[in-house]
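A.B. asks: Sequence:
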Amino acid sequence: MIRPGCVSCLSLVLIFRKVCITCGCSTINHTPGSDVEDDQRMGRLLTDSPCSHLTAKVKGGGGLRMYKRNQMIVTNPVVSRKDPTFNTTTYEWAPAGLNQKWYWNAMQYMEFLPESRRPVSGTNGAMERRRQLLRQLPVYDHDPMKCTSLDTDDQISSMLLFVKQYKQDVLGVGEVALPGEAGALREAANQRSAKETKAKVPPTPVQTKPGV
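All the letters of the sequence shown, read from the start, carry residue numbers -24 to -1, 1 to 188 under mature numbering (1 follows the signal peptide of the UniProt record, and there is no 0).
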């Protein structure tokens, strides 16, 4: 939770322990960030990985990619009133593949989450998800230039190799599915990846003998 001091604190002043001198809060609680910053962070993580299809290239961004956030808006009719009205709930995030088209699947997923952790727009649950992203995806975990303890070119090269390996082998190993449906999303991703790989391979030139 954000401490009361953060409300009146005008700037984040850090000491070596990454705690604000003014209010005593960490960076995560002091400046939780914005949707754009979250999507940039996720975009950097997913770039050059099997999940890169969940990102979009930023025009004029020099190769920067943004996460295509799956925001979900659920509309429920209110039947207790004479005039037709609707209650609308906006989820700031939902797993890829879950949207209002698959209403019951989407709602089941959200109902499995504790109510305090559901990413409903404007709630503590949405803010908590943003804080979790800051804890789980620090920029120095996938950008050697943001690290302060890599002193040699060999160390930087080792980290770049580590980042490449975990992007290829670890990202996207999980999926959200109901019992009996597991594997469908993975198979679709494999087919898409195979299709993209095939499109990148240049055709092999056919050699023919003279006069044939």
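Because the hints were derived from the structure by calculation, they are not lab data.
It is possible that some hints are incorrect.
For lysine to aspartate or glutamate, the following DMTMM-like pairs were computed, each having C-alpha atoms within a straight-line distance of at most 25 angstroms [as the list claims (entries may be wrong)]:
#, residue 1, residue 2
1, LYS35, ASP119
2, LYS143, ASP130
3, LYS143, ASP59
4, LYS58, ASP130
5, LYS44, ASP127
6, LYS35, GLU13
7, LYS140, ASP59
8, LYS143, ASP11
9, LYS33, ASP127
10, LYS171, ASP11
11, LYS44, ASP24
12, LYS44, ASP59
13, LYS122, GLU87
14, LYS140, GLU13
15, LYS140, GLU104
16, LYS143, ASP117
17, LYS122, GLU151
18, LYS143, ASP119
19, LYS44, ASP129
20, LYS44, ASP119
21, LYS35, ASP59
22, LYS140, ASP129
23, LYS33, ASP119
24, LYS58, GLU87
25, LYS143, ASP129
26, LYS122, ASP59
27, LYS33, ASP117
28, LYS35, ASP15
29, LYS140, ASP127
30, LYS44, ASP15
31, LYS33, ASP59
32, LYS33, GLU91
FRET-style restraints, in silico, Cβ to Cβ [said to hold, decoys possible]:
#, residue 1, residue 2, range
33, GLU104, VAL34, 19 to 29 angstroms
34, CYS123, VAL34, 31 to 41 angstroms
35, ALA170, PHE62, 40 to 50 angstroms
36, VAL54, CYS123, 18 to 28 angstroms
37, MET103, ILE49, 37 to 47 angstroms
38, MET103, HIS29, 20 to 30 angstroms
39, VAL146, ALA170, 24 to 34 angstroms
40, SER125, ILE49, 38 to 48 angstroms
In this text, a Cβ means the ideal position worked out from N, Cα and C, and glycines have one as well.
A.B. asks: Compare the structure with each hint and give your call.
C.D. replies: Each hint tested on the structure:
1. LYS35 / ASP119: holds, 22 angstroms
2. LYS143 / ASP130: holds, 20 angstroms
3. LYS143 / ASP59: This hinted pair is violated, its Cα atoms lying about 52 angstroms apart.
4. LYS58 / ASP130: Not OK: LYS58 and ASP130 at ~71 angstroms, beyond 25 angstroms, violated.
5. LYS44 / ASP127: With Cα atoms ~35 angstroms apart, LYS44 and ASP127 exceed 25 angstroms; violated.
6. LYS35 / GLU13: holds, 16 angstroms
7. LYS140 / ASP59: Violated, at roughly 57 angstroms.
8. LYS143 / ASP11: holds, 23 angstroms
9. LYS33 / ASP127: violated, 32 angstroms
10. LYS171 / ASP11: Judged against 25 angstroms, a Cα distance of about 31 angstroms means the pair is violated.
11. LYS44 / ASP24: With Cα atoms ~15 angstroms apart, LYS44 and ASP24 stay inside 25 angstroms; holds.
12. LYS44 / ASP59: Distance ~37 angstroms between LYS44 and ASP59 Cα, so the pair is violated.
13. LYS122 / GLU87: Violated, because 38 angstroms separates the two Cα atoms, which is more than 25 angstroms.
14. LYS140 / GLU13: Satisfied, since the Cα-Cα distance of roughly 22 angstroms is no more than 25 angstroms.
15. LYS140 / GLU104: Violated - the C-alpha atoms of GLU104 and LYS140 are around 29 angstroms apart, more than 25 angstroms.
16. LYS143 / ASP117: holds, 12 angstroms
17. LYS122 / GLU151: It is violated: about 30 angstroms lies between the C-alpha atoms, which goes past 25 angstroms.
18. LYS143 / ASP119: Distance ~13 angstroms between LYS143 and ASP119 Cα, so the pair holds.
19. LYS44 / ASP129: violated, 34 angstroms
20. LYS44 / ASP119: holds, 21 angstroms
21. LYS35 / ASP59: Violated, because 45 angstroms separates the two Cα atoms, which is more than 25 angstroms.
22. LYS140 / ASP129: With Cα atoms ~16 angstroms apart, LYS140 and ASP129 stay inside 25 angstroms; holds.
23. LYS33 / ASP119: Since the Cα atoms of LYS33 and ASP119 sit roughly 19 angstroms apart, the hinted pair holds (cutoff 25 angstroms).
24. LYS58 / GLU87: Roughly 29 angstroms separates the two Cα atoms, so the pair is violated.
25. LYS143 / ASP129: With Cα atoms ~21 angstroms apart, LYS143 and ASP129 stay inside 25 angstroms; holds.
26. LYS122 / ASP59: violated, 57 angstroms
27. LYS33 / ASP117: Within the cut-off at roughly 22 angstroms; holds.
28. LYS35 / ASP15: Between LYS35 and ASP15 the Cα gap is close to 15 angstroms, so the pair holds against 25 angstroms.
29. LYS140 / ASP127: Cα-Cα ~20 angstroms, so holds.
30. LYS44 / ASP15: Given pair LYS44, ASP15 holds - Cα atoms ~7 angstroms apart, limit 25 angstroms.
31. LYS33 / ASP59: Given that 25 angstroms is the threshold and the Cα spacing comes to 45 angstroms, the pair is violated.
32. LYS33 / GLU91: violated, 34 angstroms
33. GLU104 / VAL34: 19 to 29 angstroms: holds, 27 angstroms
34. CYS123 / VAL34: 31 to 41 angstroms: At roughly 24 angstroms between Cβ atoms, VAL34 and CYS123 fall outside 31 to 41 angstroms, so the hint is violated.
35. ALA170 / PHE62: 40 to 50 angstroms: holds, 42 angstroms
36. VAL54 / CYS123: 18 to 28 angstroms: violated, 53 angstroms
37. MET103 / ILE49: 37 to 47 angstroms: Cβ of MET103 to Cβ of ILE49: about 19 angstroms, so the range 37 to 47 angstroms is violated.
38. MET103 / HIS29: 20 to 30 angstroms: holds, 28 angstroms
39. VAL146 / ALA170: 24 to 34 angstroms: For VAL146 and ALA170 the Cβ distance comes to about 20 angstroms; the hint is violated.
40. SER125 / ILE49: 38 to 48 angstroms: holds, 44 angstroms
When each numbered hint is compared with the structure, violations occur for hints 3, 4, 5, 7, 9, 10, 12, 13, 15, 17, 19, 21, 24, 26, 31, 32, 34, 36, 37, 39.
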